[in-house]
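Trainee: Now for the letters of each chain:
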Amino acid sequence: MKRVYVHEEWCLGCHLCEYNCAFANSGLSDMVKALKNQKITPRIHVEEGGKIHYAVSCRHCEDPMCIKGCISGAMTKDKDGTVTINHDKCVGCLSCMLLCPYGCITTDENETVLKCELCLKNSCGAPACVQGCPNRAIVYEEAEV
Amino acid sequence: MMKYVIIGNGPAAVSCIDGIRSVDKNSSINVISKEAHPAYFRPLISYYLEGKSKAENIYCRDEDFYEKNGCETVIGEATALDQDNKTVTLKSGDSIVYDKLCICTGSSPFVPPMKGLETVENQYTFLTIDDSFAIEKAITKDSRVLIIGAGLIGLKCAEGLRDRVQSVTVCDLAPRVLSSILDDECAAIVQKHLEDCGISFSLSDTAERFEGNLAFMKNGGAIPFDVLVPALGVRPNIGFFKEAGGECGRAIVVDNAMQTSIENVYAAGDCVEQYDISFGEKRIMALLPNANIGGYTAGVNMAGGETSFDNAVPMNSIGFWGLHMMTAGTYANDGGARMIEEKGENFVKRFFIKDNKLIGFIIIGDVKSAGIYTNLVRNQTDLSELDFDSLIKNPNLLPFSEKNRRKTLGGVV
Chain A
1 MKRVYVHEEW
11 CLGCHLCEYN
21 CAFANSGLSD
31 MVKALKNQKI
41 TPRIHVEEGG
51 KIHYAVSCRH
61 CEDPMCIKGC
71 ISGAMTKDKD
81 GTVTINHDKC
91 VGCLSCMLLC
101 PYGCITTDEN
111 ETVLKCELCL
121 KNSCGAPACV
131 QGCPNRAIVY
141 EEAEV
Chain B
146 MMKYVIIGNG
156 PAAVSCIDGI
166 RSVDKNSSIN
176 VISKEAHPAY
186 FRPLISYYLE
196 GKSKAENIYC
206 RDEDFYEKNG
216 CETVIGEATA
226 LDQDNKTVTL
236 KSGDSIVYDK
246 LCICTGSSPF
256 VPPMKGLETV
266 ENQYTFLTID
276 DSFAIEKAIT
286 KDSRVLIIGA
296 GLIGLKCAEG
306 LRDRVQSVTV
316 CDLAPRVLSS
326 ILDDECAAIV
336 QKHLEDCGIS
346 FSLSDTAERF
356 EGNLAFMKNG
366 GAIPFDVLVP
376 ALGVRPNIGF
386 FKEAGGECGR
396 AIVVDNAMQT
406 SIENVYAAGD
416 CVEQYDISFG
426 EKRIMALLPN
436 ANIGGYTAGV
446 NMAGGETSFD
456 NAVPMNSIGF
466 WGLHMMTAGT
476 YANDGGARMI
486 EEKGENFVKR
496 FFIKDNKLIG
506 FIIIGDVKSA
516 GIYTNLVRNQ
526 TDLSELDFDS
536 LIKNPNLLPF
546 SEKNRRKTLG
556 GVV
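Order-wise, the sequence lines are chains A and B.
Take 1 as the starting number for the first sequence in our numbering and just add one per residue.
Take 146 as the starting number for the second sequence in our numbering and just add one per residue.
Don't read these hints as lab results, they were simulated from the structure.
One should not assume that every hint holds.
[Stated by the list, open to error] Okay, the calculated bits of chain B under chain A, using three or more residues with CB under 8 Å as the criterion: (1) 230 to 236; (2) 455 to 463; (3) 516 to 527.
Don't be surprised by glycine CBs; every beta carbon is placed ideally from N, CA and C.
Please work from the sequences and hints to get the whole structure.
Mentor: What follows is the structure in structure tokens.
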């Protein structure tokens with residue numbers, strides 16, 4: 001399957017991926033309306049310290065711990081391997097957050113659990129963080145295994 | 146062709162089916178289920194009462210799961226196991242032959258004898274979805290509910306019922322709430338929050354005797370109620386296994402392959418005790434992730450594959466009306482662990498370190514990215530390899546090596 005991969009050495013730490021993610025998942029067509037004066041809750045986040053920057057989002061693990069721990073059946077892997085969350089089933093217990101080894105699960109101000117679903121459920125159709133990354137530090141491709 | 150038999154039909158059982166089918170697509174699987182429901186997520190029974198889970202959304206798998214996987218489900222209860230003839234006898238008298246057996250019988254509520262309990266008309270334990278349905282029928286907007294037991298089950302029941310009844314009172318002989326997972330100080334924070342949310346407590350106190358809808362308390366008071374929920378704990382359903390001579394402690398003892406002391410018999414879920422790497426001893430870790438992993442592991446091994454579940458630790462995430470708490474591993478000050486604490490206005494984090502490894506933690510409030518800590522516990526990571534002090538404040542991947550991040554973020558994990 002195609003996944004999002006991050007090349008730390010190319011990351012500029014510009015945080016554009018976070019804004020593009022929040023916009024893509026806002027359901028709005030106007031970026032200004034979606035982001036201006038809004039507290040954004042992107043599903044990708046940049047971690048940084050000193051000269052190091054890199055983005056982190058769901059790894060769509062082969063054997064995802066978030067699914068093993070999900071108490072409601074909300075977290076599932078579809079046949080392509082994408083790990084998705086069904087908000088009709090999620091009860092917000094945050095077991096997925098307790099179990100994700102990479103810190104990739106987040107919540108918005110209403111405590112809705114959010115995670116990267118590769119923009120396959122929104123109108124973007126392919127990861128917005130990748131499309132908007134100015135230095136190609138985030139890519140969307142088949143694994144080089 | 147093999148004959149697989151699974152006793153029980155919860156998350157561990159369906160994960161066991163997945164495990165079997167990952168290796169053996171054709172042999173028959175018999176599932177013996179005590180409850181007349183497909184496998185459902187037990188923790189959802191309180192969310193059902195609260196209105197957060199719809200009854201049709203509680204099931205572990207799609208409707209056609211059993212059919213698709215060639216499973217035959219029998220409603221019944223196992224009463225005997227004959228290891229020589231490899232048969233399981235049911236309450237109905239029927240017996241079922243197995244080549245490989247997995248016991249996923251879970252646990253049952255434990256209600257100790259209490260004087261006059263039989264005079265209480267509306268009393269319900271709280272462990273099955275049918276319990277939820279029954280409680281739902283018994284309550285009205287004016288009901289006063291008394292819950293005996295301030296553990297996970299009792300408090301989740303309280304949360305589920307608060308908005309549907311007049312009052313919820315919880316009593317417990319222990320001096321604090323969630324005494325099995327929280328220490329005094331953390332428990333006090335949670336109790337205060339629950340009180341602010343409208344739950345009343347009577348701790349270090351319990352119902353000693355009943356006269357109809359009146360509970361006479363150990364400390365001398367009396368509490369009137371309309372509905373009583375005894376939530377004093379559970380006991381694993383292991384009687385038939387024990388009688389067959391299988392090794393048990395407080396539950397069925399399994400190794401990392403989820404095999405019991407009886408050949409060809411495996412077990413998983415709430416009815417087992419297995420090695421807890423954070424504790425260094427076998428113990429019951431009746432939690433959903435462990436049921437899923439253990440069940441799957443058992444299934445693969447039953448079908449001739451080879452896998453092990455060798456990093457089991459207790460892991461718990463629970464929230465009440467916006468206050469979240471997470472715990473993992475072993476977190477008592479006994480056994481020579483050192484505690485590091487990080488506190489703020491709205492959160493407490495307590496880390497327990499032994500032999501330079503994180504063996505457990507309690508977090509209340511700021512639970513963001515706590516999985517990074519859980520992973521350190523499960524992997525028994527040597528903390529001298531990373532900057533743990535910075536992780537305490539901010540769980541992220543920065544304190545790990547670049548090589549580690551390249552593997553994690555630049556590859557398939």
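Trainee: Decide, hint by hint, whether the structure agrees.
Mentor: Taking the hints in turn, this is what the structure says about them:
no.	hint	in the structure
1	230 to 236	violated (count 0)
2	455 to 463	holds (count 4)
3	516 to 527	holds (count 4)
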